[in-house]
Amino acid sequence: MSVSEDRSFSAVAREQLPWLYSLARRVADQRAEDVVQNCLLKAHQSFDSLRDHEAAPAWFRQILINCARDLHRKDLRRVDESPLDETADYTLYRRIADEDPFPYSESVHLDFLHSFSEDDVWNVLDRLPPKYRIPLVLVHMEGLAVKEVSRMLAVAENTVLSWLHRGRKRFQEEMWDYAEERDLLREQEGARR
Amino acid sequence: MINCTDAVQRLWDYVEKDLDSQEQASMEDHLALCRRCCGEVEFAEEIRDLMKEASKPRIPDEVSERLSEYLDDLEGSAS
Numbered sequence: 013m014s015v016s017e018d019r020s021f022s023a024v025a026r027e028q029l030p031w032l033y034s035l036a037r038r039v040a041d042q043r044a045e046d047v048v049q050n051c052l053l054k055a056h057q058s059f060d061s062l063r064d065h066e067a068a069p070a071w072f073r074q075i076l077i078n079c080a081r082d083l084h085r086k087d088l089r090r091v092d093e094s095p096l097d098e099t100a101d102y103t104l105y106r107r108i109a110d111e112d113p114f115p116y117s118e119s120v121h122l123d124f125l126h127s128f129s130e131d132d133v134w135n136v137l138d139r140l141p142p143k144y145r146i147p148l149v150l151v152h153m154e155g156l157a158v159k160e161v162s163r164m165l166a167v168a169e170n171t172v173l174s175w176l177h178r179g180r181k182r183f184q185e186e187m188w189d190y191a192e193e194r195d196l197l198r199e200q201e202g203a204r205r
Numbered sequence: 129m130i131n132c133t134d135a136v137q138r139l140w141d142y143v144e145k146d147l148d149s150q151e152q153a154s155m156e157d158h159l160a161l162c163r164r165c166c167g168e169v170e171f172a173e174e175i176r177d178l179m180k181e182a183s184k185p186r187i188p189d190e191v192s193e194r195l196s197e198y199l200d201d202l203e204g205s206a207s
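The listed protein sequences derive, respectively, from chains G and X. Per this note's numbering: the first sequence = residues 13 to 205. Per this note's numbering: the second sequence = residues 129 to 207.
Where hints are given, some of them may not hold.
Stated by the list, open to error - Cross-link-like lysine to aspartate or glutamate pairs, in silico, DMTMM-like; alpha carbons within 20 Å at most:
1) K180(X) - E160(G)
2) K180(X) - D41(G)
3) K54(G) - D200(X)
4) K180(X) - D64(G)
5) K54(G) - D64(G)
6) K159(G) - D146(X)
7) K181(G) - D201(X)
8) K54(G) - E170(X)
9) K184(X) - E154(G)
10) K184(X) - E174(X)
11) K180(X) - D138(G)
12) K54(G) - E203(X)
13) K145(X) - E154(G)
14) K184(X) - D41(G)
By construction, these hints were calculated from the structure, which means they are not laboratory data.
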């Protein structure tokens with residue numbers, strides 16, 4: 013039996029709205045509302061195919077990711093800028109140790125991370141190209157397995173792994189740049205004295 | 129025995145427990161001797177937790193209202 017025979021689409025969809033928007037905000041930033049709207053339209057058109065109420069979150073999530081994929085199709089198809097090996101050695105951990113932004117601290121790495129609010133993490137994430145941001149969100153924030161993400165994005169597992177690798181590196185590079193631009197390091201140092 | 133460059137390349141796979149048993153063992157052998165790479169592992173775990181904890185943006189009330197109206201319109205147009 014289809015869920016549509018038992019409950020209205022709007023009743024089922026309304027329950028999903030808060031987290032659907034939350035996910036859309038992370039994978040489609042400022043276009044989150046458009047992506048959710050598009051997702052609702054497509055879900056409504058195929059509501060008869062939803063067989064199990066328990067499956068509704070996964071069903072909506074796949075449709076939302078399809079919409080985000082359509083939105084970012086161009087970026088997802090773009091070839092990565094540099095070979096993977098060239099990017100392998102950078103770590104934010106080393107950069108913080110080398111630059112030592114808090115010379116009076118004994119826990120300089122943790123101090124660096126603690127200078128980021130949730131909004132700051134968002135702002136850093138928003139700076140990443142969608143093909144790096146989406147796998148990071150799905151794996152590290154939604155807790156999905158690489159295999160599942162590869163199925164959702166319709167790309168090979170190795171492609172997801174490569175995007176994750178580059179995405180983590182870019183995220184860390186952007187954290188440093190963001191901290192410098194927003195004076196987070198100085199604020200943290202000022203608060204210590 | 130792997131070196132620091134190899135260890136850094138496998139860092140996230142180690143943190144995410146995606147290494148096979150042989151790679152896992154060689155990573156742990158390296159970590160037992162390398163303080164800096166231990167720091168790298170702890171730092172990667174902290175970054176992973178930072179992303180995980182920042183994962184719940186709330187839907188603004190006005191967006192929620194607009195999307196609810198959109199749902200009503202969708203339902204209305206189907207009936």
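Hint check results:
1. The straight-line distance between the Cα atoms of K180(X) and E160(G) is roughly 18 Å, inside the 20 Å bound, and the hint therefore holds.
2. Pair hint K180(X) plus D41(G) holds up; C-alpha atoms about 17 Å apart against a cutoff of 20 Å.
3. Using a Cα cut-off of 20 Å, the hinted pair K54(G) and D200(X) holds, with the two alpha carbons roughly 15 Å apart.
4. For the hint pairing K180(X) with D64(G), the CA-to-CA distance comes to about 29 Å; that exceeds 20 Å, so the pair is violated.
5. Distance check on the hinted pair: K54(G) and D64(G) sit about 18 Å apart at the alpha-carbon level, within 20 Å; holds.
6. Simply put, K159(G) and D146(X) have alpha-carbon atoms about 12 Å apart, close enough for the 20 Å limit, and the pair holds.
7. The suggested pairing of K181(G) with D201(X) is violated, with an alpha-carbon distance near 44 Å, which exceeds 20 Å.
8. With a C-alpha separation of about 43 Å, the suggested pairing of K54(G) with E170(X) is violated against the 20 Å cut-off.
9. Proximity of K184(X) to E154(G) is assessed by CA-CA distance (about 10 Å); at most 20 Å being required, the pair is judged to hold.
10. Distance check on the hinted pair: K184(X) and E174(X) sit about 18 Å apart at the alpha-carbon level, within 20 Å; holds.
11. Only pairs whose Cα atoms come within 20 Å are accepted, and K180(X) paired with D138(G) is accepted, the gap being roughly 15 Å.
12. With a C-alpha separation of about 13 Å, the suggested pair K54(G) and E203(X) falls inside the 20 Å cut-off, and the hint holds.
13. Using a Cα cut-off of 20 Å, the hinted pair K145(X) and E154(G) holds, with the two alpha carbons roughly 17 Å apart.
14. About 13 Å separates the Cα atoms of K184(X) and D41(G), which keeps this hinted pair within 20 Å; it holds.
Checked against the numbered hints above, the structure violates hints 4, 7, 8; every other hint is satisfied.
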